[in-house]
Amino acid sequence: MNIHEYQGKQILKKFGIATGEGIVAETPESAVEAAKKLQEQTGTKIWVVKAQVHAGGRGKAGGVKVAKTLDEVKEKAKAILGMNLVSRQTGPQGKVVHKVLIANDVYYPGESKPQEFYMSVLLDRKKGHNTIVYSQEGGMDIEEVAEKTPEKIFKEEVDPKVGLQGFQCRKIAFNLGLDGQAFKEMTKFIASLYKAYEQTDSSMFEINPVLKTSDNKIIAVDAKVSLDNNGLFRHPDYVEMRDVLEEDATEVEAGKFGLNYVKLDGNVGCMVNGAGLAMATMDIIKLSGGDPANFLDVGGTANAERVENAFRIILKDPNVKAILVNIFGGIVRCDRVAQGIVDAYKNIGNIKVPIIVRLQGTNAIEAKKLIADSGLKVFSAVELQEAADLVKKVLS
Amino acid sequence: MSVLVNKNSKIIVQGFTGTEGTFHATQMIEYGTNVVGGVTPGKGGSKHLDRPVFNTVQQAVESTGADVSIIFVPPAFAADAIMESAEAGIKVIVCITEGIPTRDMITAKEYIKGRNCRLIGPNCPGVITAGEAKVGIMPGFVFKKGKIGIVSKSGTLTYEAADQVVKAGLGITTAIGIGGDPIIGTSTKEAVELLMNDPETEGIVMIGEIGGTMEADAAYWIKQNGTKPVVGFIAGKTAPAGRTMGHAGAIVGGADDTADAKMKILRECGIHVVESPAVIGKTMAAALKKVTA
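Protein chains in written order, with the numbering used here: chain A, 79 to 474; chain B, 7 to 299.
Quick caveat, the hints were computed from the structure, so don't treat them as lab data. Among the clues, some could well be false.
Calculated cross-link-like contacts (lysine to aspartate or glutamate; reagent style EDC-like; alpha-carbon spacing at most 16 Å) [unchecked claim]: (1) A:K204 - B:E116; (2) B:K229 - B:E206; (3) B:K173 - A:D321; (4) B:K173 - A:E461; (5) B:K115 - A:D237; (6) A:K138 - A:D219; (7) B:K288 - A:E464; (8) B:K115 - A:E461; (9) A:K204 - B:D223; (10) A:K364 - B:D223; (11) B:K119 - A:D237; (12) A:K205 - B:E196; (13) A:K394 - A:E461.
Facing chain B, from chain A, some residues (calculated, C-beta under 8 Å) [stated by the list, open to error]: (14) G206; (15) N308; (16) G309; (17) H313; (18) V340; (19) G354; (20) K364; (21) P370; (22) G408.
Some, not all, of what chain B presents toward chain A, calculated at C-beta under 7 Å [stated by the list, open to error]: (23) I112; (24) E196; (25) A241; (26) M251; (27) V280; (28) P283.
Note that the coordinates shown come from a computational prediction; the quantities given were computed from them, not determined experimentally. Where a beta carbon is used, it is the ideal one built from N, C-alpha and C, also for glycine.
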């Protein structure tokens, strides 16, 4: 589960990590109020208006603006709120901004030059260990740094037996070129960051930039936090941080029915049991001359109700020209699924797109007969190749 | 011969008396699997499905000589169950449970390192040696005895592949569902290696998906050490980057873990790659014919 920057910073603060101050606003007027309050709290005379969306690359996309007066705060907040932010991470369709974070200025001048770094904590899947990735090249698109100058990115692996050690924090801080007070602050920052990552059951922390201020403090200026869905049961307070506005409305609805649905851009919908078979079915659609309109895993209990809900979800997409149902019945009996399809067809009524039903496994023959006898205009198949051929036929 | 489990395996079920445990243990017994008992803390001393229930894995091992365990424990307690099994001396631990926190799995995987055991899963359909032992949730009737081994990250796609292989007249030795989570006990490469060393297995079907590098690692190993034909399929050619496709591990992160990139590596390593999952069985049959011709 992804959360917003301001929520990520709330978590960091709990673990003693300095983040700079900020207040969330949903209208230009409340943005001004937030800016005033922030001035009282911190004395800042410059504010940063930051779009709150679940995607990186906001700065380049025009979602982060500096304001030097309260009028400017209003103006910039007005421009950002409601904008469709398009970055490398949002994809071409972009994301609508519903909230902005008004943050105080942390780049104030002082005894030394402010310096930006990159730091993230995530799982190295190959090794099964958590890893801290860091670079002196902060505040930039890290994918670009990795591509062009991979030698500037460092990794520090954490041994799960003993956890992150002091020497590792020192090594990172030295490699970032720090000394004196800033060095000390950075080692504390790293230790706290890792602790926060681990204790919150996160799957990724990305702080870009980590800032060394002009008075040698270390601050998380941004926070991109991804929580492990499987660990959420231990953190009921984080469950409330979910922002469904950031998700596709149909996907949210599907989730309520226990369906794992991902909307895609194609013309052939599909309903499958099992994630691997669902992806394979999408591939079959492509090979048959179509494009998958969705990923949909109905799960292990493909009963009549789920099947009906799945049909309703798929049919919401006006681009769908045909639907392929692909169920490999193991524990699930195919004749029961077939009955579900027949019932759904009748209950929904007026389904205009052709449906290809491939039921294989337990009671597949009975299922095929059941569908044939129902008189529905459904194309029935048993082998996967048959189903693929039917998709081709229907589309041509 | 076969790998991991066979008719002589002594199997216990962790989470034996729960709904899932009861249902699947019943199915396993019906298949002819040698289930010798189960573990449910607090219910030790009773009987379930005509078999003894124990409080701890240790007790189960001591009184039954169990060497294989299958886990149906809820996600919050499953990593603990894995470690309990390892500590008690179980040799093959099959964890079916879906939804275990990654943090718990990092600990469990580290714990079992260096102990004499192998973990399969979690979030997997289990392992089946056709005609001998079903230690999993797969539909047993699909898996008819034969000469092909299967390694797969996914459940129903494994059944699909097995069904095709059986219908092509080849049959199955052992099918290993390794699981779709970011951290799993046995990698694609390790599972392939087991089957490559099994004298009964004449060919291997390797089914992967987008995300990670496990299939590529297996392919490089096969290129160096392979002695049998391998048919490969990578699901998710049409999956968009950055979106998780059902399995927590199935997400395209970089240029190396797309289906196309993986298929290219597989091909370069001499694996018979199928673009369509509908021709896995046929392709395996053709590849075997080439070897014997």
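Results for each hint:
1. A distance of roughly 13 Å separates the Cα atoms of A:K204 and B:E116; the hinted pair therefore holds under the 16 Å criterion.
2. Restraint check for B:K229 and B:E206: the C-alpha separation of about 21 Å exceeds 16 Å, so the hint is violated.
3. At most 16 Å may separate the alpha-carbon atoms for a hinted pair to count; B:K173 and A:D321 exceed this at roughly 48 Å.
4. At most 16 Å may separate the alpha-carbon atoms for a hinted pair to count; B:K173 and A:E461 meet this at roughly 11 Å.
5. For the hint pairing B:K115 with A:D237, the CA-to-CA distance comes to about 12 Å; that is within 16 Å, so the pair holds.
6. With a CA separation close to 9 Å, the supplied pair A:K138 and A:D219 stays within the 16 Å bound.
7. The straight-line distance between the Cα atoms of B:K288 and A:E464 is roughly 14 Å, inside the 16 Å bound, and the hint therefore holds.
8. Annotation: proposed proximity of B:K115 to A:E461 is violated, straight-line Cα distance about 39 Å (limit 16 Å).
9. A C-alpha spacing of about 10 Å is found between A:K204 and B:D223, which places the hinted pair at or below 16 Å, so the restraint holds.
10. For the given pair, A:K364 sits about 27 Å from B:D223 by alpha-carbon distance, which is inconsistent with the 16 Å threshold.
11. For a cut-off of 16 Å, the pair hint linking B:K119 to A:D237 stands: about 13 Å separates their Cα positions.
12. As the CA atoms of A:K205 and B:E196 are separated by approximately 14 Å, the hinted pair is consistent with the 16 Å bound.
13. Annotation: proposed proximity of A:K394 to A:E461 is violated, straight-line Cα distance about 28 Å (limit 16 Å).
14. At about 5 Å, the closest approach between the beta carbon of A:G206 and any beta carbon in chain B falls short of 8 Å, and the interface hint on this residue holds.
15. Taken as an interface hint, A:N308 checks out: its beta carbon lies about 5 Å from the nearest beta carbon of chain B, inside 8 Å.
16. With 8 Å as the threshold, the beta carbon of A:G309 comes within range of chain B, its nearest partner Cβ sitting at about 4 Å, so the hint holds.
17. Against a cut-off of 8 Å between C-beta atoms, the interface hint on A:H313 is violated, since the closest Cβ of chain B lies about 10 Å away.
18. Taking 8 Å as the C-beta contact cut-off toward chain B, the hint placing A:V340 at the interface holds, the least distance being around 6 Å.
19. A distance limit of 8 Å between C-beta atoms decides the matter here; for A:G354 the minimum to chain B is near 2 Å, and the interface restraint holds.
20. Restraint check, A:K364 versus chain B: the minimum CB separation of about 5 Å is within 8 Å; hint holds.
21. Annotation: interface hint on A:P370 holds; nearest CB of chain B at approximately 5 Å, less than 8 Å.
22. At a threshold of 8 Å, the smallest CB-CB gap from A:G408 to chain B is about 3 Å, leaving the interface hint in force.
23. Restraint check, B:I112 versus chain A: the minimum CB separation of about 5 Å is within 7 Å; hint holds.
24. Contact between B:E196 and chain A, as hinted, is not supported at the beta carbon level, the nearest pair being about 13 Å apart and thus beyond 7 Å.
25. For B:A241, the interface hint holds, the least distance from its beta-carbon to any beta-carbon of chain A being 4 Å, beneath 7 Å.
26. Contact between B:M251 and chain A, as hinted, is supported at the beta carbon level, the nearest pair being about 5 Å apart and thus within 7 Å.
27. The beta carbon of B:V280 is not positioned within 7 Å of any beta carbon in chain A (closest approach about 10 Å), and the interface hint is therefore violated.
28. Taken as an interface hint, B:P283 checks out: its beta carbon lies about 4 Å from the nearest beta carbon of chain A, inside 7 Å.
When held up to the earlier numbered hints, the structure conflicts with 2, 3, 8, 10, 13, 17, 24, 27 and fits the remainder.
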